[in-house]
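A.B. asks: Here is how the chains run, residue by residue.
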Amino acid sequence: MTEILPGTQIPSRNLVDTQADLYIDNFRKIMRSARLNSQYPDGRALAEHAGVFSSQVHRGLYKGLEIDERTGLPTYKEWTRAQTDITLAAKQIVSLGSRSAMVTKAAQHPDSAHSRNLARYDYYTEINGTQMAPLGSMNVVVRRVDRDRRLAHFHVVLDKLDASGVFVRYSIDLAQQGDAAVASVDGRDLASQSDNFHALIYQFTSLDAEFMFVKLASMAGLQVERVIKGTVGPFFLDWMQAPAGLEISPDGFVATFGLDMAAVDVEATRNNDPLAPATDEKTRATYAQVASKLGYRVFKDRKFVCPHAMVANVRAFAETRGTRNVVYGV
Amino acid sequence: MTIDAQHALQTASSDAVVDNLVTQFANQWDCVRELVQNCLDAGTTRIDVWTEYLPGDGFNGTIALHIDDFGDGMDENIIDNQLTKLFASSKEGDLTKIGKFGIGFVSIFALKPEGVLLHTGRGGEYWEVLFHADRTFSKTQLENPIEGTQITLFLKGDRSAYLEATKQVRRTLKKWCKHSETEIFFEDREAGTSELINESFEVSGVGGAHLTPEPGTEIVIAFYDEPEYEFFNRGLTIASTTIAENVLDAERAHRFRYIGFKVKSRYLEHTLSRDTVLRDNNYQRVMAHLDKAASGISSGLIVELAQLVAKPHWTPEDLIGYGKRLRFLSTEYSGVASDRKIFRGLHGENYSAGDLFRAWQADGRILLDEVPTELSKRLSEANIPVIFGSVGMGESGSFPWSALTEILLSYASKHGASTLKGAVIDFFSSYRPRIARGLMSPRQVYISVSLDEEVAPGLLPFLEDTHRVLVRGLAKKLAPFTTFTPLDAAAVPIFLVQHAQVGHLKLPPQHGSLGQAGGIAVNREHPHFLLLLRLYEVEKQLAAYCLAKALLLQDDRDLIMDTALMSAARESL
Numbered sequence: 000m001t002e003i004l005p006g007t008q009i010p011s012r013n014l015v016d017t018q019a020d021l022y023i024d025n026f027r028k029i030m031r032s033a034r035l036n037s038q039y040p041d042g043r044a045l046a047e048h049a050g051v052f053s054s055q056v057h058r059g060l061y062k063g064l065e066i067d068e069r070t071g072l073p074t075y076k077e078w079t080r081a082q083t084d085i086t087l088a089a090k091q092i093v094s095l096g097s098r099s100a101m102v103t104k105a106a107q108h109p110d111s112a113h114s115r116n117l118a119r120y121d122y123y124t125e126i127n128g129t130q131m132a133p134l135g136s137m138n139v140v141v142r143r144v145d146r147d148r149r150l151a152h153f154h155v156v157l158d159k160l161d162a163s164g165v166f167v168r169y170s171i172d173l174a175q176q177g178d179a180a181v182a183s184v185d186g187r188d189l190a191s192q193s194d195n196f197h198a199l200i201y202q203f204t205s206l207d208a209e210f211m212f213v214k215l216a217s218m219a220g221l222q223v224e225r226v227i228k229g230t231v232g233p234f235f236l237d238w239m240q241a242p243a244g245l246e247i248s249p250d251g252f253v254a255t256f257g258l259d260m261a262a263v264d265v266e267a268t269r270n271n272d273p274l275a276p277a278t279d280e281k282t283r284a285t286y287a288q289v290a291s292k293l294g295y296r297v298f299k300d301r302k303f304v305c306p307h308a309m310v311a312n313v314r315a316f317a318e319t320r321g322t323r324n325v326v327y328g329v
Numbered sequence: 000m001t002i003d004a005q006h007a008l009q010t011a012s013s014d015a016v017v018d019n020l021v022t023q024f025a026n027q028w029d030c031v032r033e034l035v036q037n038c039l040d041a042g043t044t045r046i047d048v049w050t051e052y053l054p055g056d057g058f059n060g061t062i063a064l065h066i067d068d069f070g071d072g073m074d075e076n077i078i079d080n081q082l083t084k085l086f087a088s089s090k091e092g093d094l095t096k097i098g099k100f101g102i103g104f105v106s107i108f109a110l111k112p113e114g115v116l117l118h119t120g121r122g123g124e125y126w127e128v129l130f131h132a133d134r135t136f137s138k139t140q141l142e143n144p145i146e147g148t149q150i151t152l153f154l155k156g157d158r159s160a161y162l163e164a165t166k167q168v169r170r171t172l173k174k175w176c177k178h179s180e181t182e183i184f185f186e187d188r189e190a191g192t193s194e195l196i197n198e199s200f201e202v203s204g205v206g207g208a209h210l211t212p213e214p215g216t217e218i219v220i221a222f223y224d225e226p227e228y229e230f231f232n233r234g235l236t237i238a239s240t241t242i243a244e245n246v247l248d249a250e251r252a253h254r255f256r257y258i259g260f261k262v263k264s265r266y267l268e269h270t271l272s273r274d275t276v277l278r279d280n281n282y283q284r285v286m287a288h289l290d291k292a293a294s295g296i297s298s299g300l301i302v303e304l305a306q307l308v309a310k311p312h313w314t315p316e317d318l319i320g321y322g323k324r325l326r327f328l329s330t331e332y333s334g335v336a337s338d339r340k341i342f343r344g345l346h347g348e349n350y351s352a353g354d355l356f357r358a359w360q361a362d363g364r365i366l367l368d369e370v371p372t373e374l375s376k377r378l379s380e381a382n383i384p385v386i387f388g389s390v391g392m393g394e395s396g397s398f399p400w401s402a403l404t405e406i407l408l409s410y411a412s413k414h415g416a417s418t419l420k421g422a423v424i425d426f427f428s429s430y431r432p433r434i435a436r437g438l439m440s441p442r443q444v445y446i447s448v449s450l451d452e453e454v455a456p457g458l459l460p461f462l463e464d465t466h467r468v469l470v471r472g473l474a475k476k477l478a479p480f481t482t483f484t485p486l487d488a489a490a491v492p493i494f495l496v497q498h499a500q501v502g503h504l505k506l507p508p509q510h511g512s513l514g515q516a517g518g519i520a521v522n523r524e525h526p527h528f529l530l531l532l533r534l535y536e537v538e539k540q541l542a543a544y545c546l547a548k549a550l551l552l553q554d555d556r557d558l559i560m561d562t563a564l565m566s567a568a569r570e571s572l
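Same order as they appear, the protein sequences are chains A and B.
Residue 107 in numbering that gives the first Met the number 0 sits at position 108 of the first sequence, and the numbers go up by one each step.
Residue 87 in numbering that gives the first Met the number 0 sits at position 88 of the second sequence, and the numbers go up by one each step.
Don't read these hints as lab results, they were simulated from the structure.
Remember, it's a predicted structure, so these values are computed and weren't measured experimentally.
Among these hints, one or two may not hold up.
Stated by the list, open to error - The calculated lysine to aspartate or glutamate pairs, modelled on DMTMM-like cross-linking and capped at a C-alpha distance of 25 angstroms, are: (1) A:LYS28 / B:ASP157; (2) A:LYS159 / B:GLU186; (3) A:LYS28 / B:ASP290.
What the hints assert, rightly or not - Okay, the calculated beta carbon distance ranges per label pair: (4) A:SER191 / B:ALA309: 26 to 32 angstroms; (5) A:ASP145 / B:ASP248: 25 to 31 angstroms; (6) A:ALA267 / B:LEU129: 21 to 27 angstroms.
Positions of the beta carbon are idealized from the N, C-alpha and C atoms, including for glycine.
Given these sequences and hints, build the entire structure.
C.D. replies: So, in structure tokens, the structure goes:
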């Protein structure tokens, strides 16, 4: 159990030694095999970032790896720890001084602070410049500008390690009429996002794509074209509580990657996500009314990565939930 | 499974238009670039291009070219209204997309495929589309999910055609996609080889820099003997050439004659024919960034030159590298960092452009020599710079002396004109010829002669009269003349001045008045002096005036005083 802020306990399990290394090895394989496109959080950055957790990289400087039991992913604390180390690596290398001097001293006193400093030096050298997965960042770029109609089309990308413990990426295409509700555009077609919009988007990140679409569409001067929420996680590990019907074999895992899309160019509302929470009739009817008014439709999907031996089981699980999903084996 | 009826590619125009679009590119294999571009616009983070050979009857078989992405994919609406409809792109004007016109896909028919199979999925719809050789197509809805888009072109051919096709596909990917921001893998499944097409976005030239002047634009730039100019959008090549005029205006083509660059910008676009970069407002904006970057790299070059100059010993590579950097710097130097020591002295002292310009201002000369000598050592001890170099060695040498002239000219135009004297020089006469004329070897300036202990009695009246004319005419105090004889047969000027610190006589300074020079010594064996000496026997005034004038004529000095000299000769003799 980890507690970042008083009263915010997250159920977690500490993996140590080979368990932790096996986890990281699998994590990197999963990210390579998942074939995540630009609608998902950056898979390559996540794999690199997670590589910092490997004991071969940190050389025993950290005891184990804490995994969020809700998501099967390293906890927020672990991601930020790696982020801090990567950020400070260059300075640490300088402050630790000469490696050859450390090697000499460590050889003379194998169990001393010198050995630990040598390990730290090598750790920081190895992680220096490692690509990091953004734990919270938003980027707004101009797609096109129609100056006569005072209409600017933007593409917004928000990356976040969500409070629920999964990585999310929101990709939003929208058009702004008139004043700078979303961002201002300079003469060179560069966007500067407004503080209000930034705050608003962050506020809605735990919501689904449809809710975000509706919220944004209610803002004056905005025409929303598309909201896509790509998710990395949860990963179901053999010691975790998996959804009913999804069996995880010993040492196995099922990594899931959700895609939730509300857009005007989606042909029909469909749910192909076997893990999507059920919505009651009343809420569905309310949403349907709004969707009809705003002209969007919703598509939910999820793909899976699991060991080759489990692919058939995962497919069967999806079929029992009435979906057909992409399942990659590793 | 739903099978749709057969359709044809749609266009508002005639079949002839479609035929033209099919063969729109100079090289039929360039269609591979179009497919890769579509993959990138679909947001994939990986593209797999692979080839396989499917044996048939006898020697003939089928070459299968696959291009797979994991991007957004297509639904039926996109298949019907964009993919198979010409000029119906939704990307036009969208700065986040590379494609613009909606005509790229059709170019695959230039390869005359037997068929093209496409699998794609989006929004819960999964489709198989089969294009036939006559460009008609049929589509089938599938039940099993498909991620992204996978395209396979089936071409007729034997194994040698397969090898050629593989070579062409790889060449096309390397030419157009080497800096793609998405990983592109190319696999030849027959040969069992696989490679990553992407190369890092960098340059190998001298004084290179890597800049991101604004979000969405990235520049790498460096000096080269034979530069290349390359434009990219999201890493796909828009234009790549070694001929500057093909992509730059005349002024920039001249400026970038030794500067190569790669610029990647989401604002750049290709022309409809894909053969070059579109010169629109966004292009001008990117060029403005390139201009700034070009100005910036001379600073890096100055640092490299200073490091080279500070090295105690030079290898032949250092020597060549120094000359090359100096030449490059001369094309871009704007007088900045003028205190950095970038010129190598012959005796351990190094000099900045400012040091050399001040030396030139003092004496009208900058001294260069290839090797240290006793004379250069004495000059150096007397704080007179002698730098490594060779006058007239030429542009290909390890010291391109014209580069020195250009650097000092740039220095002069920034700093020289800030003084009244500098401004006058700048205004009335160009610095260029004066500086170029002032680059000399010490042996040309400091001359070994035999100085007479006292002036021979037979010469004294003539020299005293000439001295009187000069003092009166120029209204300046001058030390009495001395005389000398040259030590070798080389032509020695009629006048030299004494330079006590070095122990040699030297040519008078090239500018400044004679009053600033040391004591004047006369070459008593000079033919002109001997002629005037004979004239002095019959025409004292005229001979004294002529010798005084000869002093002014040497190096075009104070010629405006000619009338004053005449009057002085008439009045004082």
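A.B. asks: Could you run down the list of hints and mark each one as holding or not?
C.D. replies: Comparing the hints with the structure gives:
{"no.": "1", "hint": "A:LYS28 / B:ASP157", "in the structure": "38 angstroms, violated"}
{"no.": "2", "hint": "A:LYS159 / B:GLU186", "in the structure": "35 angstroms, violated"}
{"no.": "3", "hint": "A:LYS28 / B:ASP290", "in the structure": "45 angstroms, violated"}
{"no.": "4", "hint": "A:SER191 / B:ALA309: 26 to 32 angstroms", "in the structure": "45 angstroms, violated"}
{"no.": "5", "hint": "A:ASP145 / B:ASP248: 25 to 31 angstroms", "in the structure": "30 angstroms, holds"}
{"no.": "6", "hint": "A:ALA267 / B:LEU129: 21 to 27 angstroms", "in the structure": "24 angstroms, holds"}
Going down the numbered hints, you'll see the structure goes against 1, 2, 3, 4, while the others check out.
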